[in-house]
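Asks: The chain contents come next:
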Amino acid sequence: MNRPERSFERLRELFDRFLEMPSEDRQAEIARATQGDPALEAELRALLDHADRSATTFDNATQLFTGWTEPPLPVITGYRLHRRIGSGGSATVYLADQERADFTRTVALKVIDRIVDAASLRPMREEQRILARLEHAGIARLYDAGVTSLGQPYLAMEHVEGTSIVEHCRARLLSIRQRIELFLSVLDAVRYAHEQGIVHRDLKPANILVSARGEAKLLDFGIAKLVAPGDEDKTLTLNRAMTPAYASPEQRRGGRITPASDIYSLGIVLYELLANTIPFRIETTIYESDPEPPSLVFDGDRRWRKTLRGDLDAVVLKALRHDPEDRYASAEGLADDLRRVLAGRPVAARSDDRIYRTGRFLRRHRAILAAVAAAVVVALSLIPWRASRSSLPNELAMFYDRGFRDGAEKLERFDGAAARDSFRRAAAASRGTPDEAIAWDGVARAESVLGEVGRAADAARRAGASISDVANLPRDEVARMRAASYAAKHEWSKAISEFEELFARQPERVDVGVALVSTLAAAGRTAAADAALGRLRQLGFGAKGDPRIDLVEAEVAHQLSEYQRAAAAAARARASAQQLAATALVLRAERLHAEAISRLDHREQARRTLESLIERDTAAGMAREAAAARLVLGAVFLRIGTREETGKVLEAALAGLSAAGDDRGRITAHIYLALHEGKEDVRRGLAHAATAVAEARRIGDRWAEAYALSQQMVLFSWAEDEASIDATIQPTLTALRDSGNRYILVVTLGNFALPAIERLDLDEAEAYLSEAEVLAPRVGSELARGMIERSRAYLAETRGDLELAREYYTSALEKARGTGVPLAIGGFLSDMAWLELAADRPDAAASRARESIEVLTSAGDLREARELEGVLAWCDARRGDAASARRRLEILRKAAEDDDARYTSLIAEAHVAAALGDWRRAVELRREIVRMAMKLETRGAVMQQRVELAKALHGLGDHREVEKLIAELLPEAERLGLRGIARDLRKLLAT
Amino acid sequence: MAPELPITEVLRAWEQGDDGALERLLPMVYTELRSIAARQLRSERAGHTLQPTALANEAYLRLRGLGDVPWHDRAHFFAIASRIMRRVLVDHARANLAQKRGAGSPMVQLHDGLDRGLSEGVAPAMDAAQLIDLDRALDQLSAEEPRLSRLIELRFFGGLGIEEASALLGCSPRTAKRDWTFARAWLLHRLSGDQ
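Sequence lines, in order, name chains A and B.
Start counting the first sequence at 1; every next residue gets the next number (our numbering).
Start counting the second sequence at 992; every next residue gets the next number (our numbering).
So that you can see chain A by itself, here it is in the shape it has in the complex:
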């Protein structure tokens, strides 16, 4: 068989050689080359001859055989086809005239690239009938449909002349406003079709043509469904031939198509209009991640970028959510938000972001964020002490001397209600005389016993106003009444200086000392209040069994967030008051105790106490106390209650406190309501916060103002209202600085640092923390200092400086242990557990995790405790106990009820996979996590997860991918000052 082959090859070789040669020259050469083989020569010549004669261009060669390149025009009765005007993956479009008896019109004939049999035709006709009913200026009409002679379906449609919407906007250089307005007209057409029950299924710029006059028309509405009769909601695989860039994730997966799928496609088009580019690079994995906001991608005019930021980004991204449920439900919704953008009003798209964008770290520590306790400190503490039982000066001497024996006796028994009535009658009786002031003072004291701060203040004001015949009254009493009156009018400096002077003159007057402490606290000068309290105790004039000092200590301690101390003091006060059978004081002490322990996370216990307390307060006629107790209960419910009961009790508290004239209480109620409402409706929450701020300013309570501002900030962050956040940071810090309440200032600075860290605005975070650290030594609260250290630890961790982070966390933990606040202790322990996981120290991680779980479980934060199972799973995996690790992961997975929990569960799985060496799975999981992170988390978290992905890819040995990823991450890490992370990335590259 060799010879024929050699002959063939030789023939071929010679043919190729001589083909290029002009035929004149060939003859001699051929003869020479084929010498000795006549057969070969003859064949060669023949072949060359044929080749010469059929020398046409190769591209058209197929025409010789098949005529494929220009298939004949289809034959359709009633239409005269002119020429092909376009072709897509599954159809060809011709320009044709529709010839009917009475008229002729030009149409676009779309001939579908398949053959259908009779059975498929009926549903098609039905569908076509529906489509033909679509009559809208923005939708190209469907006139007719049928089958060609060959059996191919065709559609006769309105012939639209125009360019694609993207091309139109680009060529005409339309502004963003103009683009949006044009897009709105498109949305109107889509809305109309959706109302008729028709989904387009294939929206893309090529299907949205804009005429020279600037009018948009949608083409091929619902055609995709027509082309696949019987496929119901599934999309055609024929679509593969079309660009997949505009299809929604569910379409690509072959899932259910709904109007939301159209919204997605429209979102891509809108994105393209705004950002001059489509949101994805066309890769196979494009659908796996959410797009970058248009404003970040856009690299054109800077003015445009500013416009795009914020609301417009949010609108586009809402249309592009993966889950159809998360998108706009209708074209109308999208249109409404776009109109709001144009009008400069807040958009709906941003309200659902708030829960997520606070970042997981902050979400976990939300309790600490709002940990700044709003102590409902009594503005005046005029509770008198019984005279007869001690050698101390008779605080009620004045009343006895002036003939108000009845009232004084009632006061001695701490029978506030009876005393009040008595003194009221006396005040009425002595109107116009110098005694009136004294009577009113009596009323004030009686109300103080009952805890009716508002009414006590009113009475004190009236007493102050009625002071007429000064000479006739003991000098110190006058001074005291005046001071009380100032305090009642919120003229803090005057009140404080009067009380201080008085107290200096009469250090044995416990009631004055207590009044001083409580006034300082009410003015927000907590450190000073604490100092005064210390002095008071030191002086030791308090009689045994006198609950007043303990009561005021409980309130001051609460304001300092020293809950152990507050609880202890309240318990002591309650015991003493019980001894005295002073019901009113007992109730008050119980409330303070309940408030303190609720902060110590004994919430159920607190709840029970408070509920009973409310009943008893009401029974005793102590309305304000009952309202105050409700307020505390509301705070407890914010953590552990249902939405309904929280709302109810807070509203009741607000009403009660307002009626009782308790300003600070009212402000606090508004703040709690802001946090409560804000979870569902940010706008309502913001309204409450604004009210709180305004009220605090009105009464001049800097502490309350600062507190209200800091909580308002939390709501702004929920509303993603960056502008407002920016605008309020400084005023809040200023108010805090002015209030002299360093404690809250320090805590707030620590709090502001956290979101900055999550956003990777590390310089800003540094600034806050530095200022806080300067102030910290003078703040009485270890917890506050602990919180700064915790923020420092988080900053270090974000930068990748794990050793430094550990140091800070350890120190913070010590301080938290000191305060005994389980939420803080458990929270810090949890942070450390995750840190040790990052530092690859399984034993340390396990120990921290176990302790944290214990603490958090007993404190009732089961969610955070459960998440630590993830750390323990990783520890198991590191020890090689895969079975146990998987069991724990299963627990996590089963319990995951929302995106947040699923996210955490996936992270745990990814850690375990890496620990078990299952790099493939680890990579898979990390990719999914990055996807979710882009949707749920802040920049910091996304960066962190991408770094983890790089590590997993490295473990897998996919060096190409690792390099690619690190090439993106490293410069960013360096730019942001994430030293540790940059170091780790470089290490990965090197190995």
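Some, not all, of what chain B presents toward chain A, calculated at C-beta under 8 Å:
no.	residue
1	E1136
2	A1176
3	W1177
4	L1179
5	H1180
Cut-off 20 Å, straight-line C-alpha distance, at most; resulting in silico cross-link-like pairs (EDC-like, lysine to aspartate or glutamate):
no.	chain 1	residue 1	chain 2	residue 2
6	A	K935	A	D313
7	B	K1168	A	D49
8	B	K1168	A	D52
9	A	K935	A	E325
10	B	K1168	A	E20
11	A	K935	A	D899
12	A	K987	A	E972
13	B	K1168	B	E1154
14	A	K935	A	D900
15	A	K489	A	D458
16	B	K1168	B	E1136
17	A	K987	A	E974
18	B	K1168	A	E13
19	B	K1168	A	E9
20	B	K1168	A	D16
21	A	K894	A	E928
22	A	K987	A	E961
23	A	K987	A	D840
Just so you know, the hints here were simulated from the structure itself, not pulled from any lab data.
Don't be surprised by glycine CBs; every beta carbon is placed ideally from N, CA and C.
Knowing the structure of chain A, use the given hints to seat chain B on it.
Replies: Leaving out everything else, chain B in the frame of chain A:
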């Protein structure tokens, strides 16, 4: 209609290098194509000649309509279909010729047909006899150089352009053009009764 999944599997096997996979595909689509061919022949259009163009067109549409088959594009389809088409047409031609043996049919010079095709710009018709001759010639060519035969098959029965065909064959378009020139000349030489 032919079942969907088996075709997918076969195609995948073929893509992964199992040349025999196409043979397994044939029975699945054979019935389909045979009925198309029969219908075509019955039509008024071209007498008793087969027009590969129309036939391939219709076959393509039908096979695409088989749903869920992952045809990447026309080229992919025709890489497979061209071989099937060839088989179907030739079989049909044989059957046809056997029927008409008595009547006899004019043998149109392929070369003439080509000339006519050039000047009139229409796809030339081939009658059954020509088709059988072509088939035989292709087998001969295949014995010498399989790639050349495949090229003709792809372009004639599949209607692929040089670029598409070269991509499928795994050679450069330049090589494919040279191959085409040679192969066509070689075939013409055989089919025009030079020998």
